[in-house]
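Trainee: With the sequence shown counted from 1, adding 11 to any position gets you the numbering used here.
Any given hint could be a false lead.
Unchecked claim - Computed cross-link-like contacts, DSS-like style, restricted to lysine-lysine with a CA-CA straight-line distance of at most 25 Å:
(1) LYS184 with LYS129
(2) LYS129 with LYS104
(3) LYS248 with LYS235
(4) LYS184 with LYS14
(5) LYS151 with LYS14
(6) LYS270 with LYS242
Rather than coming from a laboratory, the hints here were simulated on the basis of the structure.
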Amino acid sequence: MIKFIDFLPVPVPARTKVKFNIRAGADGVPAWELLQSEDQEPWLNMTRYRAEGNSNNNLDEADFVLAFAQYPLYGPNFFIFGGLFETRLVIPKINKGSGYVLTPMLQHSEYIRRLIVKLDIPPGQSYLRWYETLQTSLIKPIIYELAPDTKLGAFPGYQNVLLRHSEMQRIIKNAEPSWRNALSNIKAVYVITDTSDGLLYVGSASGEADGLWQRWTAYANVNKLTGGNNKLEALLKERGPEHIVNHFQYSILEIFDKKTRDDTILQREAFWKKALNSRENGLNAN
Numbered sequence: 012m013i014k015f016i017d018f019l020p021v022p023v024p025a026r027t028k029v030k031f032n033i034r035a036g037a038d039g040v041p042a043w044e045l046l047q048s049e050d051q052e053p054w055l056n057m058t059r060y061r062a063e064g065n066s067n068n069n070l071d072e073a074d075f076v077l078a079f080a081q082y083p084l085y086g087p088n089f090f091i092f093g094g095l096f097e098t099r100l101v102i103p104k105i106n107k108g109s110g111y112v113l114t115p116m117l118q119h120s121e122y123i124r125r126l127i128v129k130l131d132i133p134p135g136q137s138y139l140r141w142y143e144t145l146q147t148s149l150i151k152p153i154i155y156e157l158a159p160d161t162k163l164g165a166f167p168g169y170q171n172v173l174l175r176h177s178e179m180q181r182i183i184k185n186a187e188p189s190w191r192n193a194l195s196n197i198k199a200v201y202v203i204t205d206t207s208d209g210l211l212y213v214g215s216a217s218g219e220a221d222g223l224w225q226r227w228t229a230y231a232n233v234n235k236l237t238g239g240n241n242k243l244e245a246l247l248k249e250r251g252p253e254h255i256v257n258h259f260q261y262s263i264l265e266i267f268d269k270k271t272r273d274d275t276i277l278q279r280e281a282f283w284k285k286a287l288n289s290r291e292n293g294l295n296a297n
């Protein structure tokens, strides 16, 4: 067993805190999603948040912080490394907001989104700890895994697919093996949700040689994004590509063997459009 403090030495142990991030405030976005995002500001905001009148949950006297995000693909006890930062308190003090300036450090940067630690118990709401007391605390983190490359997330099963557009882009760009294998070997009916207003678009991957992987590869292309669908094209013109990248979410409604007739899949697509009312009150044009 490799001890946390042996694997992750820090410049000044007595002046370092460790933050195990779970979810971001009232909007409840998982820390792992924020850490994966190309826009790192929300992830940094989660780490540099300063609570009001509770020094036990603040970085006040710490000069450094090791930041982690809960890694739900493994379970609630697992956290993935998000960086070592030098900290500085914002003056005048900010409560209930970004109260610290975080400066990323090169030390341990090669482990970001690769190193996973396991805690004896989930930290609950008490997710901020002094570095020197970690091994004697109830959570007792240990080094669990160091992935050879940046973690994108293993394929979670067809019934658990819930991808933001930015996540889909990274998976397609890196041809993540477990995702590519799973999505290339099925035909499917899928749903796209515009998380800004809840409107739905139902589509299908029926005739593609590489199944759903091929269809979603087209959506991942920032020069296409809509697959040529009329209402999605109108939305793109009205709100711009940033709206799709920031608000579209992809999931699977039904899967089919690659030998399934295309007309069968199209019939199921029509059923889901009716069931979800995605023509009259959604993003399907037909």
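Trainee: Does each hint hold? Answer for all of them.
Mentor: Against the structure, the hints come out as follows:
At roughly 29 Å between alpha-carbon atoms, LYS184 and LYS129 are farther apart than 25 Å, so this suggested pair is violated. Simply put, LYS129 and LYS104 have alpha-carbon atoms about 34 Å apart, too far for the 25 Å limit, and the pair is violated. Among the hinted pairs, LYS248 with LYS235 is consistent with the structure: their alpha-carbon atoms are about 12 Å apart, no more than 25 Å. Our distance criterion of 25 Å between C-alpha atoms is broken by LYS184 and LYS14, whose separation comes to about 35 Å.
The hinted pair formed by LYS151 and LYS14 meets the criterion: a straight-line CA distance of about 9 Å does not exceed 25 Å. Pair hint LYS270 plus LYS242 does not hold up; C-alpha atoms about 30 Å apart against a cutoff of 25 Å.
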